[in-house]
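K.L.:
Each chain, written out:
Protein chains: 2
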Amino acid sequence: MTKPLKIALLGCGVVGSQVVRLLREQEGDLAARVGAPLELAGVAVRKIGRKRDTEIDPELLTTDAESLVTRDDVDIVVEVIGGIEPARSLILSAMASGKSVVTANKALLAEDGATIHRAARENNADLYFEASVAGAIPLLRPLRESMAGDRVQRVLGIVNGTTNYILDKMDSTGASFTDALEEAQALGYAEADPTADVEGFDAAAKAAILAGIAFHTRVTAADVYREGITEITAADVASAEAMGYVIKLLAICARSDDGGSVGVRVHPAMIPRSHPLAGVREAYNAVFVEAESAGRLMFYGAGAGGAPTASAVLGDIVAVARNRIANTRGPEESTYADLRVHPMGDSITRCHVSLDVADKPGVLARVAEIFAKHDVSIQTVRQEGRGDDAQLVIVSHRATDAALQATIGSLREMDIVRAVAGVMRVEGDEAP
Amino acid sequence: MTKPLKIALLGCGVVGSQVVRLLREQEGDLAARVGAPLELAGVAVRKIGRKRDTEIDPELLTTDAESLVTRDDVDIVVEVIGGIEPARSLILSAMASGKSVVTANKALLAEDGATIHRAARENNADLYFEASVAGAIPLLRPLRESMAGDRVQRVLGIVNGTTNYILDKMDSTGASFTDALEEAQALGYAEADPTADVEGFDAAAKAAILAGIAFHTRVTAADVYREGITEITAADVASAEAMGYVIKLLAICARSDDGGSVGVRVHPAMIPRSHPLAGVREAYNAVFVEAESAGRLMFYGAGAGGAPTASAVLGDIVAVARNRIANTRGPEESTYADLRVHPMGDSITRCHVSLDVADKPGVLARVAEIFAKHDVSIQTVRQEGRGDDAQLVIVSHRATDAALQATIGSLREMDIVRAVAGVMRVEGDEAP
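For the protein sequence lines, the chains are A and B, in the order given. Mapping of the first sequence onto numbering that gives the first Met the number 0: residues 0 to 431, in sequence order. Mapping of the second sequence onto numbering that gives the first Met the number 0: residues 0 to 431, in sequence order.
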C-alpha cells in the first residue's frame with residue numbers, strides 16, 4: 000500500500016457534500032481499489048458556518064481555495080463549484096502546481112475547454128470530467144475509450160433532467176409549461192431561475208462536450224444551435240400525442256452525410272412513442288450513440304442529483320489516483336479530426352407542421368408545390384376538419400433545416416394558409 | 000509519432016475478419032488516436048486456404064500460432080479463437096513474451112480466469128476483454144472504472160442474443176421453442192448445435208465475468224446457478240403475457256441483503272412488460288446495473304455479431320496500444336473483497352405458480368397455509384375456471400429460492416392439487 004493520496008475539494012453543495020460522505024463511508028473499498036488510502040485534505044467553501052448535508056471536520060473547511068489547490072501535500076483537486084470563475088482560475092492553478100483534476104463543470108468545459116485542456120497537456124496533468132455530462136451515467140469514458148476503435152456517426156440524447164421532467168409532466172397530465180415548471184420547482188427538479196435548463200443552455204454545454212469527444216474535434220457552446228422548451232404548449236403536446244409522438248428536448252451531435260463536418264444542436268423534437276428515448280420518464284437521462292461498427296448503443300440513468308453525480312466524481316477520483324500511483328495519465332483531449340462544425344441550416348432533420356387552411360379544391364396541391372419548390376418531400380399528410388376549420392398536418396422526409404425553414408416561410412406567405420401552427424422538428428424514426 | 004505497434008491476430012472467423020477490415024479501413028484514425036500506427040503482423044488460422052469475409056495479405060496468414068505470439072516484433076496479441084485450448088496456452092505464451100493481450104474469450108475467462116489474470120500480473124502484461132461480455136456494449140470498462148467509486152448492488156441483464164431472439168419470437172408470434180429455435184438457426188442467430196446458448200452456458204460465463212468485476216471477487220462459471228430455456232412452452236409464454244409479463248433469460252448477479260455474499264445465476268424469469276428489459280427485442284442485449292450512489296443504470300446494444308464485437312476489440316486494442324506507448328498498464332484484476340458466492344437456495348427471488356386444483360371450499364386456505372408454513376408471503380392470487388378446470392395462479396413476495404422450491408415441493412404433495420403447472424421465477428418489479 001502506497002502513502003495516502005490527498006484530495007482538495009472545491010465546493011460543498013449538493014454534489015460536494017456527497018463526495019465527502021462517500022469518501023468517508025467507502026474509505027476501505029476505495030483504498031483497496033486505488034492501492035492507497037484517499038484522504039480529504041481540505042474543503043473550500045464560500046462560507047464556513049453554513050449547514051452541510053454531511054458531517055465535515057471543521058478544521059478541513061477553508062474559504063481560501065487558491066491556497067488549498069496549490070498546497071504541497073494535495074495530490075488531487077476536485078472542482079464541483081460550477082460556473083466559469085473562480086473555477087477556471089483554480090483549476091489552472093491546481094494544474095500548474097502538478098495536481099490531477101476532476102471536475103463536473105460542463106459550463107466551463109463547453110465555454111473554454113481549450114484553455115483547460117491546454118493547461119492539462121502543458122502541465123502533464125490528468126483531467127477527468129465524467130460527471131459533467133449525464134450525471135451518474137458512464138458516457139464520456141465509454142465514448143473516449145471503449146469507442147476509440149469505432150467511428151461515431153451520431154449522438155442523440157436527453158441530457159437535461161429538468162426539461163425532461165417538465166415535458167414528461169406535460170405529456171402525462173396535459174399540464175401547461177408554466178404549471179409543469181412550477182411543479183418541477185416545488186420538487187427541487189428545477190431551480191428558482193430555470194433559464195439555464197429551460198432555454199437549453201445546460202443541454203447545449205453537454206452537447207458541445209459530447210460532440211468534441213465523439214468526433215475528435217473541438218466544439219464550444221457557441222457552436223451549438225440552441226432552442227429551449229418555453230414555447231411548447233399543451234396543444235403541441237396533445238397534437239404530438241395524437242400522432243403517436245412525444246416531445247423531448249434532444250441534444251443531437253451528428254456527422255454530415257459526407258462525413259466532412261458535424262452539426263451540434265439542442266432543440267425540442269417529436270419522436271415516435273416506439274423510440275426507446277420516448278420511454279425516458281421524469282428527470283432521467285438517456286443517450287443513444289450510433290457508431291459504424293457497434294451499431295446503436297443506449298446509456299440510461301440518473302442525469303443529476305447529489306449522490307449519482309458524486310458516483311461519477313468518485314469514479315474519476317479513483318482513476319486519477321491510480322494514474323498518479325502508476326506515474327501515468329489518462330488519454331488527453333483528442334482533436335486531431337478537426338472537423339468543421341456546420342451551421343444549423345446544414346443539419347438534416349425532418350419537420351412536422353400544422354396549417355390552418357381554406358377548405359377549397361386545390362389547396363393540398365398548392366401546398367405540396369411549395370414543398371417541392373424547396374426540394375422537401377412529404378412523408379405524410381393528414382387533412383382534418385372541413386370548411387373554416389380545415390387543417391393540414393404534414394410530416395416531411397429528411398431535408399436540410401434551411402430547406403425546411405424556407406418551406407415554412409413560404410407557407411406563411413400563402414393566401415390560402417390562414418396560420419402556420421405547431422411547427423416542430425421530428426427525430427428518431429427515419430433511417431438516413 | 001512513435002514507431003508502429005504490431006498486432007498478432009489469433010483466429011479469423013466472424014469477429015477476426017472484421018478486426019482485420021477495421022484495422023485497414025480506420026488506419027489513419029487509429030494511428031491518430033493511439034499516437035502510433037497499428038500494423039497487422041500476422042493472422043493465425045487453422046487452414047490457410049479458407050475463404051475469408053475480408054481480404055488479407057496471404058503472407059500474413061500462418062497456422063503456427065505459437066510462433067506468432069512469441070515473435071519479437073509483435074506488441075499486441077488479439078485472441079478471437081474462443082474455447083479453452085489452444086486459446087489459454089497461446090495467451091499465456093504471449094504474456095510470458097511481454098505482449099499485451101486483448102481477448103473476447105468469455106468461456107476461458109469464466110472457467111480459468113485465475114490462471115490468465117495471474118499470468119497478466121506476474122508478467123506485468125495488459126489484459127483487456129471488453130468483447131467477452133455483451134459484444135459492442137461498453138460494460139466491463141464502465142463497471143471496472145466508472146463505477147470504481149461506487150458500490151454495485153446488482154447486475155441484471157439479457158446477455159445472450161440467441162435466447163432473447165427465441166423468446167422474443169415465442170412472445171410475438173406464439174411459436175413453440177422448437178419452431179423459434181429453427182427460425183433463429185435459419186437466420187444465423189443460433190448455431191447448428193445451440194446447446195451453449197439455449198442451456199445458458201454462454202450467459203453463465205458472462206455472468207461470472209460480470210459478477211467478478213462488479214463485486215471485486217473471483218467468480219467462476221462453476222459458481223453460477225444455471226437453467227436454460229429449452230423447457231419454456233408456448234403456454235408459459237401465453238400465460239405470462241396474460242398477466243402482463245414477458246419471459247426473458249436473465250443473468251443476475253446480486254449482493255445478499257447483508258452484503259456479505261453474492262449470488263450469481265442464469266435462468267428464465269417473468270418480468271413485467273413495463274420493465275425496460277421487457278422491451279429488449281430480437282438479438283439485442285441490455286444490462287441493468289444498480290449501484291448505491293449511481294442508482295439504476297442501463298446499457299443497451301448489439302450483444303454479438305462480427306462488426307459490433309470487433310468494435311469492442313478495437314477499443315481494447317487502442318487502450319493497450321496507448322498503455323504500451325505510455326509504458327503503463329490498465330487496472331488489473333480486483334478481487335480484494337473476496338466475498339462468498341452463496342448457493343442458489345440463498346438467493347432472493349419471487350415465484351409464479353399455476354395449480355390445477357379441485358374446486359372445493361377451503362382449497363385456497365389450505366394452499367395459503369403451505370406458503371405460510373414455508374414463510375413465503377403471497378402477493379397475488381387469481382382463481383380461474385370452476386369445477387374440474389379450476390386453477391389457482393399465485394405470485395409470491397420475495398423469499399429465498401430454497402423456501403420457494405420447498406413450497407412448490409409441498410404443493411405437489413397436496414391431495415387437492417392435481418398438477419403444479421407453470422412454475423417460473425419473477426424478477427424486476429419489487430423493491431428489496
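Quick caveat, the hints were computed from the structure, so don't treat them as lab data. Fair warning: there could be bad hints in the mix.
What the hints assert, rightly or not - Label pairs and their in silico Cβ distance ranges:
#1 A/S175 to B/S273: 50 to 56 Å
#2 A/S171 to B/E383: 39 to 45 Å
#3 B/G243 to A/T172: 21 to 27 Å
#4 A/T61 to B/D111: 48 to 54 Å
#5 B/E190 to A/I83: 41 to 47 Å
#6 A/D337 to B/K50: 38 to 44 Å
We put the beta carbon where it would ideally sit given N, CA and C, even for glycine.
K.L.:
State for each hint whether it applies.
P.N.:
Here's how the hints hold up against the structure:
1. For A/S175 and B/S273, the Cβ-Cβ distance of about 27 Å falls outside the hinted range of 50 to 56 Å, so the restraint is violated.
2. For A/S171 and B/E383, the Cβ-Cβ distance of about 33 Å falls outside the hinted range of 39 to 45 Å, so the restraint is violated.
3. The beta-carbon spacing between B/G243 and A/T172, approximately 23 Å, falls within the hinted interval of 21 to 27 Å.
4. As the Cβ distance of A/T61 to B/D111 is approximately 52 Å, the hint placing it in 48 to 54 Å holds.
5. The hinted range of 41 to 47 Å is not satisfied by B/E190 and A/I83, whose Cβ atoms lie roughly 57 Å apart.
6. At about 40 Å, the beta-carbon gap between A/D337 and B/K50 stays in the expected band of 38 to 44 Å.
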